[in-house]
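As they're listed, the protein sequences go chains A and B. Per our numbering, the first sequence starts with residue 371, numbered consecutively. Per our numbering, the second sequence starts with residue 371, numbered consecutively.
Worth flagging that the hints you see were computed from the coordinates, not collected in a lab. Some hints could be false.
Note that the list lumps identical chains together, so a pair holds whenever it fits in one copy or between two copies.
Listed below are the simulated SDA-like cross-link pairs for lysine to any residue, each with C-alpha atoms no more than 20 angstroms apart in a straight line [said to hold, decoys possible]: (1) Lys533 / Ile431; (2) Lys685 / His493; (3) Lys403 / Ala735; (4) Lys634 / Phe613; (5) Lys634 / Ala388; (6) Lys685 / Asp397; (7) Lys685 / Arg599.
There are 2 protein chains.
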Amino acid sequence: MLDFAFSMPTRILFGSGARSLLERELDEQPVAKVLLVYGRESARANGSYDDVTGLLDARGIAYLEHPGCREDPDDAFVGAGAGLALDHGVDFVLAIGGGSVIDAAKAIALLAANRTRDIWAVHAARQGFAAPALPLGVVLTTTGTGTEVNGSFVIRRRADNEKIAFSSLSTRPRFAYCNPDYTITLPPQVLADNYTDILSHLLEQYFSMEDSTGIVDAIILEAIHYLLRNTPALQTWKDSYGFRANTMFASTLSLSYLFSCGKKVPWILHTLTHALAARRPISHGASLRVVMPGWLVWLSGKPAYATRSRQLADKLALSDSSQLGRYFLDHFALMGCDPHPLLSDAEKAQMVTRLSADTDFLARANLDARDLRCILDWTHHAC
Amino acid sequence: MLDFAFSMPTRILFGSGARSLLERELDEQPVAKVLLVYGRESARANGSYDDVTGLLDARGIAYLEHPGCREDPDDAFVGAGAGLALDHGVDFVLAIGGGSVIDAAKAIALLAANRTRDIWAVHAARQGFAAPALPLGVVLTTTGTGTEVNGSFVIRRRADNEKIAFSSLSTRPRFAYCNPDYTITLPPQVLADNYTDILSHLLEQYFSMEDSTGIVDAIILEAIHYLLRNTPALQTWKDSYGFRANTMFASTLSLSYLFSCGKKVPWILHTLTHALAARRPISHGASLRVVMPGWLVWLSGKPAYATRSRQLADKLALSDSSQLGRYFLDHFALMGCDPHPLLSDAEKAQMVTRLSADTDFLARANLDARDLRCILDWTHHAC
């Protein structure tokens, strides 16, 4: 087990009846003027927008709005949000939505505190932001990303479609109000994408290279197993509060970094997935489903991952860990997902070339161009 | 799943090489004068005292000392500590030790902030303390209690030997430096007591009465199973860093209240154990071993706990959940524990009378005097 530091300061306010917890939390925050960040339609459709503005109105807390956040928010959206916050003296940022909205709100809170609208200026100089982010809160309306409970966020660079990951202790939300009922209006394909994302976070952290993280591995493996054996319940999401609640909490825990304690996680799957998404207009969940089976098959053939592959295969009652790829392909069908679009040879070659140039990543993940190609090839063979 | 609020703000600094993390943490705290709280010999024997005072000296941070904390610290000890803190203008309390030392430090931090030495004055009035506790940190030298990561503490009332539980958000430590190497000098009986305590916390939270806390139950059950299958390794504690580290982290997680999320936990086992300890000079671990088997047998016969009892029995490959009591008795022998001292009829009668008067507890736990007697009787039958 490697040395580590861990905390989870975000106050999780959980449940369909947790509105009173949110009220108390709002009363304890130093809030005078709020910037609400949200998407296009869902926050109004699921009731979260009305709930939040109702609470703010009742307290006489002023707010202004920055709606229209899309999936994979970019520099332009967060720059405009920071501009609004600076022009109006905002002192608290409140995200209403899922991963994209929360990530955008984190970027806005950090930019505004540092009195800039340009996220790349700081990134290019490889400096940290000097000032800690404005305090922020989250009203969660989807599952999947777990970003409500950590300081990480991903912003897309409009110029070349690259997704760039940031991380700061100061962008950890003060609170995250997680109400499973807000997810009732999510369409089936989004539910499946979210479920894939939770699984991906658990699997990535499970497949680290450190030995002797026994207690952490044991609980990750059980969380994976819990999700996989309940996947068919996705079909009746709307009707089962218990399943929605357990999935939402599993999602939050899965990127709280609790499951990275004592480990160095190379995040191979997500790095490949981001490289794919830069080349194709495809959801994060769908791109995970393209890459994940090949990654699992590749893992099962590497001695460094042999024990964990076998343990996962045993847990899923597979006779052999090489069947993991096929198992997950079948599992995606259980989620009601559309068949994944195959990678072309040209796409694979582009991805390998681009990722091979990232020597930091290759060293961290202990892989080479042939490994990358092997991962990307497998799904073709299986189909 | 019940609505809940959860956070884990204590920064866990974990590992034998995590000294640099502790240094950074000390540099970030607003510390001018520290009160060190520790026990009698172990902090000097395991090196933690020298490590901490070395870091404080190197930073020119003044400190004074309140040594001599015993197991189950009482009102006199914490009152004297609060007096020291008040007389010398202490602004930070640092505990070096295990559960008793940390609990005492929490009480001292809360008393000093409220400018009093009398913990019962506030308790008797059933008021909360008005001022939040002085900030406090922890250097952990045992496993078992998990108190390093929550706001709860237990203080013994010297007048009648009762243990009284307190809880405050403000007594959650700012940081907990958890170095598995500090535990090397613990004697075998203390290791066994700690291990019993970790198991007891997991089992108590597992056996709540709420349905549909699936993800939480799954990971608790796996943590229990992890400990039970590794128990024989207690014999070679000193030689296995990995086992020490995993056990220490399991201990921290087990009372972080992560495993109580979505549940109402009646804490039956601990309530009985405290009642026993008030009557006998017996360690917390030993008293848990006296009561736990009967509690498990009683649980297995109650319909409300039938599903969870069966799942635990399945996980342990027992044919029937009524065997759980016998299994744990055998398991205690594996830990190298001395045979537990049996309860006399007089003791049992006293405990039942006393606990039956606590109508809050009976209602919360949904049990009556006959249940209490049943739990206390079983161990006799098995021997």
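Against the structure, the hints come out as follows:
no., hint, verdict
1, Lys533 / Ile431, "neither (35 angstroms within a copy, 45 angstroms between copies)"
2, Lys685 / His493, "neither (42 angstroms within a copy, 49 angstroms between copies)"
3, Lys403 / Ala735, "neither (44 angstroms within a copy, 45 angstroms between copies)"
4, Lys634 / Phe613, "between (31 angstroms within a copy, 19 angstroms between copies)"
5, Lys634 / Ala388, "between (35 angstroms within a copy, 15 angstroms between copies)"
6, Lys685 / Asp397, "neither (46 angstroms within a copy, 45 angstroms between copies)"
7, Lys685 / Arg599, "both (11 angstroms within a copy, 17 angstroms between copies)"
This entry does not satisfy hints 1, 2, 3, 6, going by the numbered hints stated previously.
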